[in-house]
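Participant: As they're listed, the protein sequences go chains P and C. Just so you know, we're using the working numbering here: the first sequence kicks off at 1 and counts up by one. Just so you know, we're using the working numbering here: the second sequence kicks off at 1 and counts up by one.
Honestly, the hints are just simulated from the structure, not real lab data. Be aware that one or more of the hints could be misleading.
Cβ-Cβ distance ranges computed for the label pairs, FRET-style [as the list claims (entries may be wrong)]:
hint, chain 1, residue 1, chain 2, residue 2, range
1, P, 127, C, 344, 31 to 39 Å
2, P, 186, C, 31, 45 to 53 Å
3, C, 585, P, 124, 39 to 47 Å
4, P, 42, C, 172, 44 to 52 Å
5, P, 162, C, 342, 53 to 61 Å
6, C, 169, P, 215, 51 to 59 Å
7, C, 462, P, 161, 40 to 48 Å
8, P, 103, C, 466, 24 to 32 Å
9, C, 555, P, 124, 18 to 26 Å
10, C, 7, P, 42, 42 to 50 Å
11, P, 82, C, 456, 31 to 39 Å
12, C, 462, P, 42, 20 to 28 Å
Here are the simulated BS3-like cross-link-like pairs (lysine-lysine), alpha carbons at most 25 Å apart as the crow flies [unchecked claim]:
hint, chain 1, residue 1, chain 2, residue 2
13, C, 372, C, 267
14, C, 343, P, 210
15, C, 352, P, 210
Calculated from the model, a selection of chain P residues having no Cβ within reach of chain C, i.e. all distances over 10 Å [said to hold, decoys possible]:
hint, residue
16, 8
17, 10
18, 18
19, 21
20, 41
21, 55
22, 56
23, 57
24, 84
25, 112
26, 159
27, 182
28, 188
29, 191
30, 227
31, 230
In this text the structure is predicted, and so the values were computed from the model without any measurement. Backbone N, C-alpha and C define an ideal beta-carbon position, used for all residues, glycine too.
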Amino acid sequence: MSATATFRIWRGDTAGGRFQDYTTPVAAGMVVLDAVHRIQAEQANDLAVRWNCKAGRCGSCSAEVNGMPKLMCMTRLDELPLERPVTIEPMQAFPIVKDLVTDVSWNFAVKRRIAPFRPRPPDAPDGTWRMAQADVDRVMEFRKCIECFLCQDVCHVLRDHQRHTEFIGPRYFVHAAALEMHPLDVEDRTEALRREHAIGLCNITKCCTKVCPEQITITDNAIIPLKERVADKAYDPIRAILRMLGA
Amino acid sequence: MAAAEYQTHEHDVLVIGAGGAGLRAAIEASAAGVRVGVVCKSLLGKAHTVMAEGGIAAALANVDDRDSWRVHFADTMRGGQYVNNWRMAQLHAQEAPARVRELEAWGALFDRTPDGRILQRNFGGHAYPRLVHVGDRTGLEMIRTLQDHGVHQGIDVHMECTVIRLLKDGERIAGALAYERERGRFRLFRAGAVILATGGVGRAYRITSNSWEYTGDGHALAYAAGADLIDMEFLQFHPTGMVWPPSVQGILVTEAVRGEGGVLRNKDGRRFMFADIPPLYKNQTADNEDEGWRYTQGDKSARRPPELLTRDHVARCIVRETKEGRGSPHGGVFLDIAWIREKLPRAEAHIKNKLPGMYHQFKQLAGVDITKEPMEVGPTTHYMMGGVRVDAETQMSTVPGLFAAGECAAGLHGANRLGGNSLSDLLVFGQRAGEFAAQFAKQHRAGPVDREEVDAAARAALAPFERRADQDGGGGPFQLQAELQDFMQDLVGIVRREEEMRRALDRIVELKRRAARTTVVGNREYNPGWHTALDLDCLLTVSEAITRAALDRKESRGAHFRDDYPKKDDAAGRVTTVIRKGSGGDMQVAREPLPEPPAELKAIIEELK
Ligand SMILES: Cc1cc2nc3c(=O)[nH]c(=O)nc-3n(C[C@H](O)[C@H](O)[C@H](O)COP(=O)(O)OP(=O)(O)OC[C@H]3O[C@@H](n4cnc5c(N)ncnc54)[C@H](O)[C@@H]3O)c2cc1C
Ligand code: SF4
Ligand code: SF4
Ligand code: FES
Chain P
1 MSATATFRIW RGDTAGGRFQ DYTTPVAAGM VVLDAVHRIQ AEQANDLAVR
51 WNCKAGRCGS CSAEVNGMPK LMCMTRLDEL PLERPVTIEP MQAFPIVKDL
101 VTDVSWNFAV KRRIAPFRPR PPDAPDGTWR MAQADVDRVM EFRKCIECFL
151 CQDVCHVLRD HQRHTEFIGP RYFVHAAALE MHPLDVEDRT EALRREHAIG
201 LCNITKCCTK VCPEQITITD NAIIPLKERV ADKAYDPIRA ILRMLGA
Chain C
1 MAAAEYQTHE HDVLVIGAGG AGLRAAIEAS AAGVRVGVVC KSLLGKAHTV
51 MAEGGIAAAL ANVDDRDSWR VHFADTMRGG QYVNNWRMAQ LHAQEAPARV
101 RELEAWGALF DRTPDGRILQ RNFGGHAYPR LVHVGDRTGL EMIRTLQDHG
151 VHQGIDVHME CTVIRLLKDG ERIAGALAYE RERGRFRLFR AGAVILATGG
201 VGRAYRITSN SWEYTGDGHA LAYAAGADLI DMEFLQFHPT GMVWPPSVQG
251 ILVTEAVRGE GGVLRNKDGR RFMFADIPPL YKNQTADNED EGWRYTQGDK
301 SARRPPELLT RDHVARCIVR ETKEGRGSPH GGVFLDIAWI REKLPRAEAH
351 IKNKLPGMYH QFKQLAGVDI TKEPMEVGPT THYMMGGVRV DAETQMSTVP
401 GLFAAGECAA GLHGANRLGG NSLSDLLVFG QRAGEFAAQF AKQHRAGPVD
451 REEVDAAARA ALAPFERRAD QDGGGGPFQL QAELQDFMQD LVGIVRREEE
501 MRRALDRIVE LKRRAARTTV VGNREYNPGW HTALDLDCLL TVSEAITRAA
551 LDRKESRGAH FRDDYPKKDD AAGRVTTVIR KGSGGDMQVA REPLPEPPAE
601 LKAIIEELK
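Just chain C, with the same shape it has in the complex:
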């Protein structure tokens, strides 16, 4: 392929991804005076961040003045079962309030307290009302604010353009190769620094709250470029996704429903969450229904209801209820917010006002009126805690000049992310990644890219067009993707076992072989079959990383639950699982000691335990 076929762009900082993390990073880098380009797979404003419902966690202490960064820090560490990167957890808790206020200065509007300040709501695992929100469409408010602020800053946005390869000059990052969806042409980006902000991996599973974009591209691109991935065994299953009708299975039901007083019941009408409260949370959890209700209504003397325990725990309790035959008709459990009629005079209006999106979603998609009837819910693949290993201060990966922020970076959340801690993560570490990538790019101009490498990558991407349809049924791209989703769901899901995960690895090997033979029909113009075939490579890499890391962690912790090792293990709690590409191209797993927090942070953790 001739070099002339690439449209070439030069930026100082190239940001891959236009969700909250990517946009916040781009704004920061651009403010630092460097030329910034943003690429994204969809149109601007459609990234996952737009779907976030519940809110942004930040210890503003507007609703409860006992809150502070220390409590937020301790909550995040407890939620992550102490395998978080303590420094990231500290920076996150300290800087989130300023990042939220900044959003307001850029035009975001949040719900207010009676005295006119930003209102905050309760969420699982947070000791005090901490989530800044606007109804249940906080993500939309955030992405629109960043998008509108960003476009007036002169950032170049390349929409519907997918990066398929990171390019290096020696050890250092030099750019990226992408294809545009519309015409299928390749584009070559040269940059001094690159920020990955590509989001999650949910499309590796059948039941997920994630859209087609979340195929773990950033994870796979970084891995291929030689960067370390960590914590890949920690994948969050959100306890409440829709279960019926089948076509909406997995779509998220925000935790805010429970924050506003919604309760979980089994088919016998029992609030089963009271039956199993983990020791780490015993002191902070209500032991009767009335106390739980009072907590959701702002009674500071009450403890939180068990429905607001961490997501990993709630998800496993739901699995237990359904497995033991106490589930709802369509294989979930009941989530009931309508019951608050017994407590509040204008409950119906209150629900519609606080949860308008949920009301609409259930009414339209399931024919259920949540102000009158309970919803049916079950766990859905939701959020990847694992990802690119980064330096806490700068967000730089182990590849010089390659940064990562948001869901595709790892460390902050440890074994389990608290609700609301993602949107704040995007702001805090998006800002940091932007700042330090700009700094790096000022010191390092874009290095040369290797034309042969680029040509080889482009040729590989076009190969599915050249191949002839396979006789022995390699399968089309959509079929292969569905197979992968099925076995990852069944074999590396919420409850894991050695033998099943070994089978998953075999299936991955077999699928890789077939993916290398898959063919696509049609031409290069806006061809989803082709795009799916290319996404498949990333999905396979990520699935393998999840499975290998999960096999290696022989204990249960946070989102990672092993049936064959159901207990926590102190020794395992002191290590991080690292995935990297070996010199022979094979995937390697290593265990490395976690950095110890300094004494003053340890003291905070102990004090607030």
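Excised from the complex, chain P in its bound form:
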């Protein structure tokens, strides 16, 4: 690895901005966030960036590195071509606050619109439930979500078509799937998914799955089964007639 590298970082705010180049020493094992921190400490004290855990667990440090949505703390420099500047810019699907920080508050508002967990009555007299590990494992994948919003960032329905008012985005289909497939949950969210959350707008491009740092198979395991549930519900009357006809 070369001794220094150049980082082309977007600097600016709601009024606009531009890329600025910073050259900084790099060492074995460094990740993009380390370079950003070094630049912040030595060259640009006011460079705005979010982070917390530095271990891919909190989902704070999302940004676009060489055009790819990434967690900066989990992107190693030795995975990137350092002969040319590494570009780092904020997520594009959300309004800018400053530099690498975007306004993701919309996401928190969306979650409030999804019906919360509602359990079946307890299984045992002491108020506890019994669940098989296999049933827990089924939703575990969805519960790994660290709310980094990278999937929201790449989904064209949000990024290109800006349908934020109707469409809840892949993160919240994962959330809805976690609730719908929760072994204890008895709430029914299918009607809301169709009408209020516009699951129909997803055309299964799988871009979200590709960027998820938790490797959640968002499209195949969360969205498609939810779409099937929604479809089953919607066609119920026809099914009922078919059943009556003995088909």
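Dock chain C with the ligands against the given chain P, drawing on the hints supplied.
Facilitator: Leaving out everything else, chain C with the ligands in the frame of chain P:
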């Protein structure tokens, strides 16, 4: 500065912090029917609690029916070397199971036993498998459950908003002053009761598992408001942090690795932990490798391997190995879980399944496949046992209306916290703080705040913008913070000495002087340089408190190890070190007698010794 410049919010209960303790407190207070506001420095769901890996300690006795609150209580007291607040240890052990079940009722999913109940795993210092967990991401499950439950209860959350001053009306708490990161504007919170749930202090050290948020704000805010701090000399160094590559130094490697059978070896391949087993734990510790392995696999007749001794002890053994030249290439020791291939048929899948986060973390950050090779690990600054002195039942501090819960409160853990006892602490005492703060707020409406005091605090916060860059090199905020971390690491670390700590105090004085002259560039909008400059005040207060308390305790106990007083001292074991602000503004240290446990608890401790 004109009063109109503050956006003012009124709540009955203001909760500072949105980790497990803060969220649990907010839920409880809100359920009691009062208006609750939560402020936090980061986004919701990103607090430290999200990083907890191993589990929540609660004596559910699902895996081993010999467990009970009594055993959990005795384990906590033994781990804390008997300087814990016995009443907190009792309440914690008694109430943790109910708090865990409640989480499940709110949607949390934990790993299961074959008969469908909550599974529990082994952890250092716990006699029986006691940690409720889900893989190695228990903290995420906990914070997400609390967050989702809380937002549907109508709690107001002010994200990315940092409190810089607590406000009082006479003796009683009246609110807090904060700035929001996004625009840099000030916000004034008025409240009948305030709960501090700000977490730890790890950023005072160079090598730490803690994020930028853990600058001891709650500790420093409470101290400035006149509250007592206790146990500040007890800072936990977790034995296993990553050591290589340098940029990930300090990131935690969960104790669950050892709970699942991982072993520590030096460069000669020796399991050095067998060489030094403290007398207090001799009866409960395996004396051969096979017995240790059987213990991790659930053999109830086996005793635990020495790798699962308390964290303070394991950390010191690792320091000894490296100091004596038996360390790993990058200055740590080896932690090996891959060896279980010799014992288990599908070891690789088993490791990935039980420790997915660790597998991922090492693969991605260090290029190490933990199913095939050993990890390199060394001690990392991890958890603050010391903090705000609180009443065991209500969590109220010595300032009326000011409560504290979670890592920023003190008492439960004594000289050393057992793994898993923090997440349960957050739930048990978060709930209590919420309940009693709501009660207090119902009886006391928010008092008036002193505008002049608010204006002065706001002006002081803006001062770094006004100053002109210093000629004689006061240093920028990041540089000052790094200097502090370096000397705290070197002078007030795992092994302490009088002379070194005196030097640390001198450095603190000098750094305070320079911090008062530091300047920041740019404007008030989302400016990390400015935020770091403000955090520095808290870090300095906390560092001074740690150093003074550590100087005062002339013995070695739990996490506090003095090279010049390497033995435990019975007289010192009967006192608590109290830090408070003197009338002249100087920091004072006092020793106060520890309350004696009642006879029936003493009997439990003796019986289970
Ligand atoms: C990597 C890691 C793994 C761990 N694993 C375990 C484990 O397995 N089991 C266990 O029991 N414990 C574990 N711990 C310890 C445990 O996670 C923490 O002690 C616990 O989460 C602290 O919770 P808290 O609610 O007190 O505070 P935190 O979760 O630390 O939250 C503090 C909150 O306060 C806010 N805050 C701080 N200062 C201010 C301010 N000035 N103004 C406004 N808001 C402020 C922060 O923004 C944050 O929201 C682990 C810790 C780490 C670092
Ligand atoms: S699969 Fe659906 S949700 Fe995912 S990116 Fe494509 S359109 Fe968006
Ligand atoms: S689903 Fe994956 S990409 Fe989307 S927010 Fe969660 S962790 Fe991030
Ligand atoms: S800092 Fe937590 S995910 Fe990157």
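Participant: Could you run down the list of hints and mark each one as holding or not?
Facilitator: Structure-based check of each hint:
no., hint, result
1, 127/P to 344/C: 31 to 39 Å, "36 Å, holds"
2, 186/P to 31/C: 45 to 53 Å, "22 Å, violated"
3, 585/C to 124/P: 39 to 47 Å, "58 Å, violated"
4, 42/P to 172/C: 44 to 52 Å, "45 Å, holds"
5, 162/P to 342/C: 53 to 61 Å, "57 Å, holds"
6, 169/C to 215/P: 51 to 59 Å, "53 Å, holds"
7, 462/C to 161/P: 40 to 48 Å, "42 Å, holds"
8, 103/P to 466/C: 24 to 32 Å, "29 Å, holds"
9, 555/C to 124/P: 18 to 26 Å, "48 Å, violated"
10, 7/C to 42/P: 42 to 50 Å, "34 Å, violated"
11, 82/P to 456/C: 31 to 39 Å, "49 Å, violated"
12, 462/C to 42/P: 20 to 28 Å, "24 Å, holds"
13, 372/C to 267/C, "17 Å, holds"
14, 343/C to 210/P, "37 Å, violated"
15, 352/C to 210/P, "21 Å, holds"
16, 8, "20 Å, holds"
17, 10, "14 Å, holds"
18, 18, "16 Å, holds"
19, 21, "18 Å, holds"
20, 41, "4 Å, violated"
21, 55, "5 Å, violated"
22, 56, "7 Å, violated"
23, 57, "5 Å, violated"
24, 84, "22 Å, holds"
25, 112, "6 Å, violated"
26, 159, "20 Å, holds"
27, 182, "7 Å, violated"
28, 188, "16 Å, holds"
29, 191, "19 Å, holds"
30, 227, "23 Å, holds"
31, 230, "22 Å, holds"
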